[in-house]
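*Asks:* Spelled out from the first residue to the last, the chains are:
2 protein chains.
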Amino acid sequence: MTFSIEKLFHQSPPIIRALTVCYRGHSLKPFSPLQTTSSVSNPRNIFQLRTKATTNSDMETNRAAFKKLLTQRFFVCPSFEIYGGIAGLYDLGPPATAIKANILNFWRQHFILNENMLEIDSTCVTPEPVLVASGHVGRFTDLMVKDLITSNCFRADHILEDRLKTLIAALKPEETDKLKELEDVSAQVDTYTEKEMDEMIKKYGVVAPETGNGLSYPEPFNLMFKTSIGPTGTVPGDSYLRPETAQGIFVNFKRLLEFNGGKLPFASAQIGQAYRNEIAPRSGLLRVREFTLAEVEHFVDPEDKSHPKFASVANVQINAFPRDLQLAEKKETTLISIGDAVKQGMINNETLGYFIARVHLFLLGCGVKPDKLRFRQHLANEMAHYAADCWDAEILNSYGWTECVGIADRSAFDLTAHTTSTKQSLTAFVEYKDGARNVEVHTPKLDKGKIGKSLGKKAQALTQYLSNLDNQAAAKLEADLKEKDSVPVTLGDETYTIQKDFISGWNKETKRVTGAHITPGVIEPSFGIGRILYSVLEQSYWLRENDEQRAVLSLPAAIAPVKVSLLPLGNRQNNLTGPFVELLSEYNISYRLDDTGASIGKRYSRADEIGIPFGITIDFQTEQDKSVTLRERDSTTQVRLQFDEVAEVLTRLVHHRIKWEDVLNKYPRVQPQA
Amino acid sequence: MTFSIEKLFHQSPPIIRALTVCYRGHSLKPFSPLQTTSSVSNPRNIFQLRTKATTNSDMETNRAAFKKLLTQRFFVCPSFEIYGGIAGLYDLGPPATAIKANILNFWRQHFILNENMLEIDSTCVTPEPVLVASGHVGRFTDLMVKDLITSNCFRADHILEDRLKTLIAALKPEETDKLKELEDVSAQVDTYTEKEMDEMIKKYGVVAPETGNGLSYPEPFNLMFKTSIGPTGTVPGDSYLRPETAQGIFVNFKRLLEFNGGKLPFASAQIGQAYRNEIAPRSGLLRVREFTLAEVEHFVDPEDKSHPKFASVANVQINAFPRDLQLAEKKETTLISIGDAVKQGMINNETLGYFIARVHLFLLGCGVKPDKLRFRQHLANEMAHYAADCWDAEILNSYGWTECVGIADRSAFDLTAHTTSTKQSLTAFVEYKDGARNVEVHTPKLDKGKIGKSLGKKAQALTQYLSNLDNQAAAKLEADLKEKDSVPVTLGDETYTIQKDFISGWNKETKRVTGAHITPGVIEPSFGIGRILYSVLEQSYWLRENDEQRAVLSLPAAIAPVKVSLLPLGNRQNNLTGPFVELLSEYNISYRLDDTGASIGKRYSRADEIGIPFGITIDFQTEQDKSVTLRERDSTTQVRLQFDEVAEVLTRLVHHRIKWEDVLNKYPRVQPQA
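Line by line, the protein sequences are chains F and H. Counting from 1, one number per residue, gives the positions in the first sequence under the numbering used here. Counting from 1, one number per residue, gives the positions in the second sequence under the numbering used here.
Wrong hints could be hidden among the right ones.
Identical copies carry no separate label here, and so any pair may be met within one copy or between two of them.
Lysine-lysine pairs mimicking DSS-like chemistry, simulated, CA-CA at most 30 Å apart [claimed, not checked]:
hint	residue 1	residue 2
1	Lys423	Lys67
2	Lys309	Lys100
3	Lys67	Lys254
4	Lys484	Lys453
5	Lys659	Lys369
6	Lys202	Lys178
7	Lys100	Lys226
8	Lys602	Lys263
9	Lys202	Lys172
No lab work stands behind these hints: they were computed from the structure. Model, not experiment: these values are computed from the prediction.
Start from the sequences, fold in the hints, and give me the full structure.
*Replies:* Printed below as a string of structure tokens:
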């Protein structure tokens, strides 16, 4: 499969499908929120809403030029380009790599450091049983059809949707019923079963693109990259490249809880690569086969989802797009404070609200425009049955509203699934809020002779188990043995049979109990870093008025790939750069030296294009009094200041401790050079 | 395959094999430097050298306790532990993840920022042709044998070596000839071909461990994890998880050069995961299947390997272990300055020397002890034929001298290999140092009629090619067509035949030529981050005198996982932590709040164990005058200072801008509390 640069962004689906990183376990498909909502009265309206928002933005107009900039300045290129490239795999060049590193550093500061989260670093190669438990082996699939002659593979929902668009375009104005029918089908393309999909393909005459050949019966294709560990048979079964980093946290829950002194709540976080082996990727940088996720798993007592720092974010205002507004005739977001949203019950609980607010602040810090960011709540039928509430941070770019962060209250689903698979208890002890309670405790009187006779050497393990039953387990065993003669139990790799006569009776006593072992709930903010990066780049891009050749990326200084460009005016000044390079290195300020002979205007322009926020020009006066000019990218205004001061001023600017206005007020303005 | 925690470090091979990240292409095996050296007169001496160094260290004595600490405090655990674990896969817990992030941040600063390197972020999934070109598909293998009955797999060299050890141990003192023979074989175990290995297995009666069954004929097992992209057939051939990050840089060379304005020298860097699908991993954290590499590819004009910043490192002194000293009777390292080492020709060139010095400084900054770090030069027969010179940074830990960084001058091998595979020119234009030259240029006179008649529509591509031949190519074509009637040439996907009569003659003229297109050489420092992390942890570990329960990790503050612990003395002080938490967050200083009821001594001890360098104690006096005590980990000395000052002082300490002695001199000492 070859790949050309020109195809990088050739696809512009009207709706970006939801981030599949949030998909896990029970929902049958990576959800495509507004399309899959059969309860929505008029899916077309929603379609229009999105299209409208897109068309109104400057972004779409600029996309062609923006695309060109991304490749020309090596923000991104197809991976293995000199070998023809591979669809869905992209490499980040120097500017994008630096911006991504800055975003991740900011993420670490904003979430991990600020919340004292426990960051871990787990492996990507994952054995099958883990992903059977999580639901990925069974259900992380897309429906695939093949060209019956060429065997080319297609995503069934994509080519059905393409066909429907063609049919809709060919309709006469009076065929309103037919329009409604086609739109309804279009809204559900990725919810169909194999059989339903096959029917739709036949009904609407879908054929293989390009060849026009017939298509095979749709079959689910698992989206995980498969591999195997060691020589055949060493590690039995397949292994996979992880589809998300979250499972690495869940399987380490016991050690994490212990590290946290056994106390809830706490959060663990992970940054790393994840994989999705797309059938036929088409949405450029927004739908790739290898990507970076940053995920948080915040473990809480399901009975108490308050958050100690909630007050600190209660006044944060977000563009909320809750369920009822999505279902209303006029589909508008509402500006609301997190405090009110939780108070009104719009957002399920404080912890979920707290993270929505923190995500909001994080994205603004990355350079997302407030009016191009909204939080959309999942509709009831979008959510997995176990989820309490889910919100997506959607960022507007030229492809439409794109889900970039999912914030989900997943209840106790994940830990429960791994407990079921491993028989390991993944619980935490939580004290009763209302103090200790008197509880009638039943403990079995063991007939050790009988156990020993029946089990021999294995008796000890079972005896130990029976002696340490907690209340719930004891009550259940007592009840079970009233009805049955034996009860099986699995300890480690062995299954034991508890026979009725192993237990001669039950002691009953009243005990003071201070709390209970519970399976924690989990609230999961999950960040698609590549999508955030792409959206931030697109939103930052603009062209200077009256000069369409001069593109600017207005990235926040903290996120910008390089902080300052160093521009000696001529050959004589080229010899003066040494002390500046040393100074900037000493202050850890990244710089780009541009000592080419190009005009100063052209060199400013090159710096603007990759988002460098400041420029130091070394000119004739520098030779005389060691002063330089400092230029700000967006306003192009300049001041003159001394060599001694420039590193300190830059440090403050880069860390957003002072604003450019402060610098303008303090130092003499100079007129920009051509 | 199950895994127990106890096995984490159960293997202690006397010599750690060389980092295979440096292996690429032509050398037949991941090299095992001193063992494979048949030119060494007495391999045993070398063995003793290493063993001696290991035995002399305090580290081995402490290893059991150190291992326990690593697992108890969740620095590391086997991946998927609750599912039984997988050999060769480990997860890093919170302290190790934070230390690793700090090491990588420091790496970015020390190399990328300081050298203005071009960092990229390429994908891990790699299609086969790329790794055929690099040599990994053909030669990145270990010899494997199978138990003929159980089919269990083993690394042939490992079990042969084990057998030799048993045989050596059983020798009588007088059997010196036999000893010499067994030692010679032992020194070469990983250099044998399949046939030789089979002979050795038969000769020395090697059988399958545990079962004693016979063994299969040895076969090469490729060490890359295999996968495939998309549904079968979409992307033809296998794909692999990259065995190193370097190839991602080489395939992007053209774009990187362009990004650098077409100028040499420049360096590109990448940090990322790499994989090695071991047959049967046995060396704990030093030999894993998934690991993080940080690699630099510094591209240079092969004719000019000087380095502009060489003077800045010329006085850096390293423990050098060059070839001649390894081959000498007394195998000792020598302390030498980088300047002298290059001047004497011990190190091949300035750029290589510059990087060796920078690696030295980097490792010391990570906390490696200077006397436990050496730079070992590869012996002539260890190096690939194309390499100009290679040095390994070896760090001493309880397993012996462990290769953690490879610094190799790889000449133009990698770019040439990809050019051969893709027919894409991966060259840079380099100006002649001695100014422009007069060159006699031959250009072909094309018979366009004949070309058109013969090739039809395809004529244009060939005409264009022939009109733009560079000097070398033109001279070669002219010579070839004197001997042959036609010469084939591949342009893009097509192969053309240049017939003699396409060219009616040759124009000859003298031109001024300013330079030539050359294939750059590459100097590659390649860092095994996990090995550095492990070695630093082990070297930092010690026990307080007279109190073996109190372990300390003396990590440099910049590398420490958490910078300060916050210790309120009692319940009343627990209510005073708020402002400290806010202050530390504001200054981005990571902290760990320990408000458990444990004694202050116990809490200090817990902090010492994970290497937290400083501790703030909030005590009775804090309530009165807002002062706190600040304690330093290694000396356990304490001072008292004001709340307002503590964040600023900590910031300076953490960035190593002031020393603890400075703090002791400025603030009043207080006696440590029990």
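*Asks:* For each hint, tell me whether it holds in the structure or not.
*Replies:* Evaluated hints:
no. : hint            : in the structure
1   : Lys423 x Lys67  : between (52 Å within a copy, 27 Å between copies)
2   : Lys309 x Lys100 : both (28 Å within a copy, 29 Å between copies)
3   : Lys67 x Lys254  : between (47 Å within a copy, 19 Å between copies)
4   : Lys484 x Lys453 : within (21 Å within a copy, 93 Å between copies)
5   : Lys659 x Lys369 : within (18 Å within a copy, 43 Å between copies)
6   : Lys202 x Lys178 : within (17 Å within a copy, 79 Å between copies)
7   : Lys100 x Lys226 : both (28 Å within a copy, 28 Å between copies)
8   : Lys602 x Lys263 : between (59 Å within a copy, 19 Å between copies)
9   : Lys202 x Lys172 : within (22 Å within a copy, 83 Å between copies)
The earlier numbered hints are all upheld by this structure, with none contradicted.
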